[in-house]
Structures are given as structure tokens and as C-alpha cells.
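Chains as they are written, first to last, in full-length UniProt numbering: chain W, 1 to 317; chain V, 1 to 317.
If chains are identical, the list can't say which one is meant, so a pair holds when it fits in one copy or spans any two.
No farther apart than 25 Å at their CA atoms in a straight line, the calculated lysine to any residue pairs in the SDA-like style are these:
| # | residue 1 | residue 2 |
| --- | --- | --- |
| 1 | Lys147 | Ala300 |
| 2 | Lys147 | Gly219 |
| 3 | Lys39 | Ala180 |
| 4 | Lys39 | Glu226 |
| 5 | Lys39 | Glu52 |
| 6 | Lys39 | Val134 |
| 7 | Lys147 | Leu308 |
| 8 | Lys147 | Glu233 |
| 9 | Lys147 | His293 |
Bear in mind the hints are in silico, worked out from the structure with no lab data behind them.
Since the structure is predicted, the reported quantities are computational estimates derived from the model, not experimental observations.
2 protein chains.
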Amino acid sequence: MEAAIALSERGRGLSTPNPNVGCLIVRDGAVVGRGWTQKGGRPHAEAQALDEAQDQARGATAYVTLEPCFHLSARGPRCADLMARAGVARVVIALRDPDPRTDGQGAGHLRARGIQVEMGVMAKEAAAAMRGFVLRQTLGRPAVTLKLGLSLDGCIALRDGASRWITGEAARAHAHLERARHDAILVGGGTLRADAPRLDVRLPGLEDRSPRRLLLTRGDAPEGWEAVAQPEEIAALNHVDHLMVEGGASTAAAFLRADLVDRLLLYRAPIIIGGGLAGIGDIGLSDLAQAHHRWTLTDARQLGDDRLEVYERRRGA
Amino acid sequence: MEAAIALSERGRGLSTPNPNVGCLIVRDGAVVGRGWTQKGGRPHAEAQALDEAQDQARGATAYVTLEPCFHLSARGPRCADLMARAGVARVVIALRDPDPRTDGQGAGHLRARGIQVEMGVMAKEAAAAMRGFVLRQTLGRPAVTLKLGLSLDGCIALRDGASRWITGEAARAHAHLERARHDAILVGGGTLRADAPRLDVRLPGLEDRSPRRLLLTRGDAPEGWEAVAQPEEIAALNHVDHLMVEGGASTAAAFLRADLVDRLLLYRAPIIIGGGLAGIGDIGLSDLAQAHHRWTLTDARQLGDDRLEVYERRRGA
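With the rest of the complex left out, here is chain W:
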């Protein structure tokens, strides 16, 4: 299942309107098929993996990060049906599909066809890899990552706005890779004017994975950009399950104030700026106690001289 989840990550930022599912088919201890939901959502991971496995799918075990779909679509076949017809003997599923059109019916169909089904294997990890889809189904909005490049004292620039560079090359390359894993990127008007960021993916081989560019503004957006008047409007964005907010301080604060940040990507450089521009503006906090128990460190690594820390928002079950 871990390998299937890794496959699912390949589709992140590409697969909307479909979830970025991963699928691995194993027979007699050997991998005979691998798939992940492709650009635009088709083919599905299972269809791709079965296509690779061909006749070897018969009697095999399929590992899939999300319950195979069982609702009719004009865009392609039902995966539960495909699996049954291919003669798969066993299907191990991480996450039950929260989409009410499937929601248990995919597993039910497989069982009715005599296939052994296990559901809930590494469900938490799979949900994290498909968090955009999960939040879209549960909260009706995309998953939001707030990315900041900070000094030790929490600044994103000198007082005069100079911000090149705080973090080093390895951290910036990592941030570009993260961009490629999001459907859209959002900045505020101040950042657009000050930095004129291209917000594309400048990594060899990933140039075509540059996400859509959104601007938080009550006015119009320039060419190549889409306007978002306020953070809550991201719920209405089509085909955006994973959104990355890149600043500046007011934009970061607006999303935090609305409790619309699920994940913090903090790239921290071992420098002190002192009296510079803070990375996060006023979020309306009036009591320190309320600031606690909201964030959990889920990843930390060294990137050159800099340190990446990933925090996730703790939310009730």
C-alpha cells in the first residue's frame, strides 16, 4: 500500500477533477501493474494498472488508495467493474470513497463477484496523499498549503522589501517541486507588485506542471491570473483540490484568520534579519491559549543550509 500511495503522489496537482489515486497489482510476489490517475482525471489509476497487467491480473492482488468507483460516467468505465472482469482475486483498499455515488458500493460490487476485499489499510496515509479530494468531499473546499521562506526571526524581507535571497537553492528547488504538486498558486497584490513572481515550476522536466495562478484581490486580475476576492471563495474554484498560498504577510494572515490553512511549509534560513517584514500579518488572535494545540509537526528536513518544517492543522475527528 505504501507503494500505491507513492504512485498516487505522482498525480497530485494533475488529476482534478478526479482524486489522485494510486494502484499497484501484485501476483506471486511480483508487481505486474502500476497506475495513477492521469492528467485531467482519466484514465483512472486502476484502469491504467490493469492495462499494464493484462492477463496477469487474473488471480492477483490489487492495492488501491481509494475504493474503486462504481458510478456510471460518460468519461470512462467503472473501476470496480473492470477489476471484477479482469479476474482480480483480492482488492486491498486504503480509503473508502466519501463520494456518495460510490461510498461502499464499489467494495460491495467486488464482494458480490466473489472477490476478497479489505478496506481501511493505511487509510490515514492515503487520505494525506489525497487530502485535496478528501477536503473537497468533507469541507467542500481545496486543501490549502501556506508556504513561507523565513529567517530565524520570522521575517520574509528586509524593511525595504528586499527578499532575494533568504533561503538557498535547495530550499527553492524543493518549493518548486511543491508547486508542481498543487493545482493552483495564490498570492496577494502586494507580492505580485513587489516580486512580480512568475510562480511557475522551474525544474527540468516539470515545466509543464506549472499550476494556475490566482490573485487575492477585490479588483481585476492581470492577464494570466484569476481574481479571488476573499479566501472563502476558493471553495468555488473548479478543478482546484490542492492550493498553495505563497504570501505575502496579509494574504497569509487572511487565510489563517479564516482557518483555511491545512498545512504549513516553512523554509527557515539560519539568518537573522531583525526589524524586517514579518511573514504573517494580524490573524486576530486575542488570547495566547487559543494559539496552542493547532499545529503538529509532521516532517522536518535539512535542505542545504536551510531547514524545512511541515506542520499540519489539527482538526477534530
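With chain W held as given, fit chain V onto it using these hints.
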């Protein structure tokens, strides 16, 4: 030598005007004597360890973090002499004494008495443990640690000044332990007025190790406090080899601006304040490039929910 350095740490913040030396005496694979420079500087580590070893020092090996002294003092005997008379066979020394009154003469005396001497073993680590003494000898001032308790976004308080609590109990207990390892603590007038910090050591068994209290002010200091008009004045403080600066933002900035901070102790809580009071004020930085390559991460650990990161100032050799 590692054990001798650990012993030397016991005297840190207590041993001035003498360096916090550690000494271990080993004979036939067993520790027969241990010593560290005591409160007020006497007895010296070697004298204490030899006293514990008694006759067993004969033919033994002594590990000492600093070259045994060889200058006459009204306060006590010369350690190089004591060692020779005790019949120690071998002396392993970490750091050559930079004090010109000894500076190689201690080792020379031992060798002249037929004792085998090695010098420079773990010198870097020993220098770090005795950094206050080393800086006092080389730069003519105490070693300065700047301690800050910060949010992820670099704040030390809400906009209204509320700062209880940012870090948790484990981090605060660790900070108290660090206080005990410093000869003096310094804060600015704003912090004194806002927090009225007692700046004592509130750890069981260490209450009597509360350091001297200094106030950065151009005016007079209240009772129980000593006034320091500007950061550079710390060079003139008697019996202060290890100084801890505890803020606030202007005081931290004043010491950083004067390049008088050798070590950063950053206790970072996993909270976002957003638009709060920054931990470090204006340090006069005009070019981001100058901020780089100044700090090296030397320790990082989890303290409850918080994270401690220790950075040391890189200085030319």
C-alpha cells in the same frame, strides 16, 4: 576527555574568576579522581581530583580540559606542581592555557619532571565548554548567549504585550537550567517593566545558582540589579564570563548590532501569533547577503511541544 569536559560544565556559571575546568584521573582503567573548579574559582579542578585520588594518583593518567596552571597565586597552589608531586605518569590536556602567565609553561613543567604530556585532545569541545574564559582571554569580554522564546512566526508576545505562555513547561525548565550555567542575566528596561522578571533559577536544588541581574539602561538600576549603559560595557564586568541576554527585542537587537552574541538559544513553540511583537528589533542590516554564513546550528532537540535550536556565531579562526 569527554567525561572531563562534562565535569567542567558543572562549574559553568560558578567558577569565575577562574575558568570552569574539569579533571578526571584514571588508573588501571578505573576512575580514581574527579574534579571541577569550584564556586569562586577554588579549589581548582586538578586539586580536587588529586585530593579524591590520594595515593592512587601515583602512575595514573590525568585528563584535564585546560593546561594546568603554573603561575604563582596567593589563592592556592600551582596545579602543574601538584600533579608532578602526586606522581601522575601522564597528563592529557584539551586546551593550551591562553593566559600568558601559563601559556605552555604548565605543560613544560610537567615534561621537565618526566611526565608524559599530550595537548590538543578535543580542544574544540573543551573550548566550547569554557567559551566564556576563552573569549575573555581572546576578545576581552564574556561569552554572550541570546535566549528567545518564539512562535513559528518569530513573535515573543501578542501586540498587546501578552507573552504567557508561548513555550511550554519543558522549554521553560530548560531555560532555567541555562540560567544556572551563566554568571549573569541581562534584560532591557521594557522587559523589566512589562514582565518584572525575577530572572532567578526556579529548579529544585539549583535555587542558589541564580545569576547576577543586569539591566541595559542609561539610567539607574533598581535594587538587586546592576546598570549596563550599552552592550560594549559588558567587557568591564568583573566575574562575568558567561552572560545570558533574555530580551526584549530592542536589547536583543542592540547586542546583535554590536556583534556581541556568540550563541542563540531559540525555544520555538508550534504556534502562530500573526502580527505580534517581533523577537528581534532593527539590527541595522541593509543587505541580505551580509546576513548569511554567520550562524551554525549546533544543537536541536524537542522539549515537549517546543523545539530548541542552538546556533553559534561563526567567527574567523
